[in-house]
Amino acid sequence: MSKRRPAALSDVQCVSLVQELLRERLCHQKLPDQPIGLDSQYKHLLELLRRTAVHGESNSVLIVGPRGSGKTMLLGCVLRELMSLKEVQKNVLLVELNGLLQTDDKIALKEITRQLHLENVVGDKVFGSFAENLAFLLEALKKGDKSSSRPVLFLLDEFDLFAHHKNQTLLYNLLDVSQSAQTPVAVVGFTCRLDVLELLEKRVKSRFSHRQIHLFSSLSFSQYVDVVRLQLSLPQDFPDHRFSSQWNQSVTKLCEDKSVLEVLKRSFNSSKDFRSLFSLLFMAVSRVSVSHSTLCEADFLESGRLISADSKANVLHGLSILELCLIIAMKHLNDTYDGEPFNFQMVHNEFKKFIQRKSHSIHKFEKPVVMKAFEHLLQLELVRPVDSGVCKVQREYQLMRLMLEHGQVMEALQRYPQCPTDVKQWALSAFA
Amino acid sequence: MSRYITRLSMRRTYKWNGRPVGEDRKLRRQYYGSMSISVDGRTEDVTVSLGQYILIEGENDDNPFVAQLLKLYTDESGKMKTAVVQWFVRMYEVPQYKRKLLGRDPHPQEVFFYQDSSCDNEVDGESILAPVQIMYIAPEHPFPEGKSKDMLFVKHSWDTKSFQAVDPELIEPPPSPKSPPPSSRGPQARPLPTPDPSIMKRAITGAITRGSMSTGKMSSTEAESLHSASKLSAAKALSAKRRSRASSGPHVRKKLELCSPSKNMSRDDVLGEILDKHIDTDKTLMSKMNTSPSGRISISIRLTPLKCNEEQQILPLSSHSPDKPTLTAYGSDSATSVFLGVPALGDDDPESLNNTGRTPRKREATPRRASVRGLKARTPSRRKDSASLKEPALTALAEEEHEDSPAQTAATPRSKRKSAQLVSSRIRKQLNLIANKFDLQSDGEDGDEDDCFVPSKIDLQSSSDEELEAKVDSEDELVVKKRRGSRTPRATDKSCVSARTPCKTPSKKAAPSTPRTPRHATPSIPSRTAPARKPGNVLEEARARLHVSAVPESLPCREQEFQDIYNFVESKVIDGTGGCMYISGVPGTGKTATVHEVIRSLQQSAEQDEIPHFNFIEINGMKMTDPHQAYVQILQKLTDQKATSDHAAALLEKRFSAPAPKKETTVLLVDELDLLWTRKQNVMYNLFDWPTRRNARLVVLTIANTMDLPERIMINRVASRLGLTRMSFQPYTFKQLQQIITSRLNRVKAFEEDALQLVSRKVAALSGDARRCLDICRRATEICEHSGNQQKGSGLVGMSHVMEALDEMFSSSYIAAIRSASVQEQLLLRAVIAEFRRLGLEEATFQQVFVQHQALCRVEGLQPVSVSEGLLVCQRLGSCRLLLLEGSRLDLFLRIRLNVSQDDVLYALKAD
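Chains as they are written, first to last, in our numbering: chain A, 1 to 432; chain B, 433 to 1344.
The shape of chain A in the complex, shown without the other chains (with noise of 0.2 Å):
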């Protein structure tokens, strides 16, 4: 990607460039090179971590934060600093657990003792029971002391997990090591859950030392679209001078178009977090082609109309008119009855009545059939039985709900492809 190439570049070259480019960036393969708007949090973590690291001091930190607003990225961006002192290079362990991966304490120790290569790991295998890996594990941390040993730094991903292991023997046993004069270790947990500390035990509570770092996006609108401009646009060293600067100059007109900013308000307005936001510049990004050279408004329109859509809508837009019918019997049921579950008869019988009404339009169909449909639609799980454990009940009264709003119901007959006027004015009629 680096390399150097003459300046003229063919379109097709540029443009699997840009998006080879582009889509790293959106996809987080790469750490950015400063953490954005969390500097404060930055500092404070690698203050932290760094005492740990150079002064051999014990500590612990929780760093919370709702999912997608950079926790990992934060660490990332910590650790790469940290790393780049050589002091600290050589010295630190780090060991990584996930309590999505270890899911209880067993595997939780046998992962720290691999990681750490401690002496009963063969090849990378550890061996001995649980109560034998836990002694080790202790005793190898109470051997060491504040200056002589090499810190170890304990990130625990989903730290609300590891809340729930039994006894919580594990978080007890890191944050007792971080508050005695034992091996220095900087426990370090991640988390989405703002009540985490609640989760703790009242031991294992006292042992933390009450640190979080909450990571809140302060993020206004004009900061937003501001990321989104330097995250399209292309480096200064991109190797096609002409192409790149075109490229930039269309970006930036389009972080300025008003429909664009209202796609990114919309987005902005549902969710801060940048991971959002990549996913919608991802999508507009992919539609860029040869014959399609730079973003355009249409590109953000239609990928937020995808990001947006509704996931139902679609399902709605298969069915078929018998079933649309049924759907619709539903809604006038639950309109009549305020929500209260329905069964197969009740929406038989209202579609029967409505078949009667306008029968010169629609088909009448056999109750079978009927039901055939009614069972297709529960097989969408557009219809669900209220409680799936009984079904000692005839299958035609059984208790059903439907899963569908009245805004999608209504929507979905404004999009459904030749509907019958009949079954629309039905719809929208109120009483049935």
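No wet-lab data here; the hints were simulated from the structure.
Any given hint could be a false lead.
Below, computed lysine to aspartate or glutamate pairings styled on DMTMM-like, alpha-carbon distance capped at 25 Å [stated by the list, open to error]:
hint : chain 1 : residue 1 : chain 2 : residue 2
1    : B       : Lys1055   : B       : Asp1007
2    : B       : Lys1069   : A       : Asp176
3    : A       : Lys265    : B       : Glu1301
4    : B       : Lys1055   : A       : Glu96
5    : A       : Lys253    : A       : Asp273
Computed beta-carbon distance windows for the label pairs [stated by the list, open to error]:
hint : chain 1 : residue 1 : chain 2 : residue 2 : range
6    : A       : Arg114    : B       : Glu1039   : 40 to 48 Å
7    : B       : Asp1336   : A       : Glu411    : 34 to 42 Å
8    : B       : Gly1272   : A       : Gly407    : 20 to 28 Å
9    : A       : Lys30     : B       : Met1235   : 37 to 45 Å
10   : A       : Leu94     : B       : Ala982    : 23 to 31 Å
Please read these numbers as outputs of a predicted model, since none were measured by experiment.
Just so you know, even glycine gets a beta-carbon here, dropped at the ideal spot from N, CA and C.
Guided by the hints, dock chain B onto chain A, whose structure is given.
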């Protein structure tokens, strides 16, 4: 060693010999002169009589107590046999830190005349195991070499404070035991775990010639022994004698010590220790070895001046020649050389084992050659075993083992030769290869042998297995092992060839097919390359001092509790009784710290001999995986044994209920007691039951958080045993917290007075947890440091910093989270509240909330979101736990509750 352990499994019967020699009417006692002990499975009875030295069953099966029998009597019922004894102590019974008072390395067979009136000198007659030989040696004389293992030496007395030269008159030579004629004890008696009296006697002979206690009778025994059936041992006794003569003199002794593994631990100590560890295996091996006499190979000994080891270097070359004829004579008519080779092996093993099993520091201290030998010596036989043995993983491990001392792998020629000898001697033994005729040619070919064996790394595990075998040999040996080089058998070319031919190998040495956990893995974290930086300024210094881990000079504010616990433990230790204490208190109130402090100061006063010595053991309910692991941990800390929990429970049970004289009090600290709860509560029951035993001498201190734990979770019989000695640690008051910080800071001026008060008041009001208090102070110093960079303040931690730290730690993050939430998230929260108000309930389904949400969107002039987007927003709030969601599979019918109070939400949203 192993010879005693089977004794426990055998039944011993005790009988009085003859009629009472005296009677005490007042006490209604009848005194006897001797007692005979018959052991199941043995034909002869052992007789112990007054004045004789005896072994008494103790907690350590391998090293029974030693004593001199003074009186034997029975009470009126005639059932109780009691013995009055004069104790001798072994070195390991002397507290660790006092051992250096001796000023030299103790001999492994050394005992000390025990002068302590406080010690109970009456023991149960039925705990007597066997008679033993004790020899007095004047302090200035060196220990005799080449003595039987069962010979014990006395040089000094020990009165719990110092070692003194013992008065030789106190140690009268005991009447020699009436042992059956040596001929009746052929090799078939060998497997018996008891010392063979005939051999013992011969050994004594040697001892007496050395120790200038000559009797005419002894020399006749010697003569007799030369013709006895077990010529082996006789020959060895003799050769040992000769050797010891050759290497007598203090300078020799010194030399020996120089090459011992570590300064304060003689080689024999290590050997003894290792032997102890492998008792069980030894037993089986012994029985195997039992069959070997027929297969013993006789190889005559050659004296090789060239191969002198460092110990033997002082041997003048000329002194060998007179010995030569005799030795060759033995060699030719009986098997000797194998056994002569073995002691050297036994000698080496402790070192190599030491290398593998000890801490790295020790490892470095050991002579290099030892480890090389340990690793390489086994190569040939292992190679034959199987190719699979050379697991890459294991090799890697072995390599790792050597990384820190590269010099270890560089073998010196001498050590290589050693290893070759060792291997070849064993191989010859296994092959039944009699290579008598090659002996003469074997001179000067040792260099070649080395090349025959490809040096390769072999797992340490298996090597230790083999060492066992070697040790069995050395145990058969009655010759003490200070002998190397000059007399070790040398492998011939022939034997080298045979060594490489595939041959049967003992099944017990079968190569492990899967990599096993290295048994001697040392739990340790690698040490850092650059030393940790020291704190640079006042704030850093303060922070270091305020870290919870920093051990304070004293524990302020817990004086009363300290005193109470101290008194409790001290009185129990002094009285030699047992008891339980229950300590409760919320976390961070200094329970464990206080107990540790108590133990520390008790240990100090024990060191100054104000109180008797005691063991301190600590277990923590949180640091074990299962309540039953408590047994395992206690046992391991008490005796260094490893066992399964059931077995450990049985062993502990035995230990605490068996009467054993001279037992030290054990203080057991059980932290986080509530986690030892099991359904049957047998762990707790046992922990509290043991102290009530008469002979247990166990003090149990238990710590838990809840005051009423005994009433809440314990069943009656457990709670009753725990007793009513309770103590509760109150949360610290603000004054105490302030004092704690001040005392920790110890004149490091880093805090403003007001700031300290604020912290302590705040923490005292919340929890009274000292850890919290210290953490806040540490955080405050950090904040101060950062702000100090920007504006020059007083440099001290002030109110503002503390306030900030407090805010960070105690303020709820919900409000901040709501404020930083996206517009849709905030709208959804509003919709939730609106829906709650409408319903008058605190729970709503998503569908209901969504309707509200759409309405709110319209009010706010935003485009309404789709159901999917709405659900996404809802789930996001749920993952932060601002909302509590139930039944996420239910889609539209997801139940929503608020995890924050409605007022908080409204407050957060209004200020926005």
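Indices of hints not satisfied (ascending): Going through the list in order, the structure violates hint 1 alone and respects the others.
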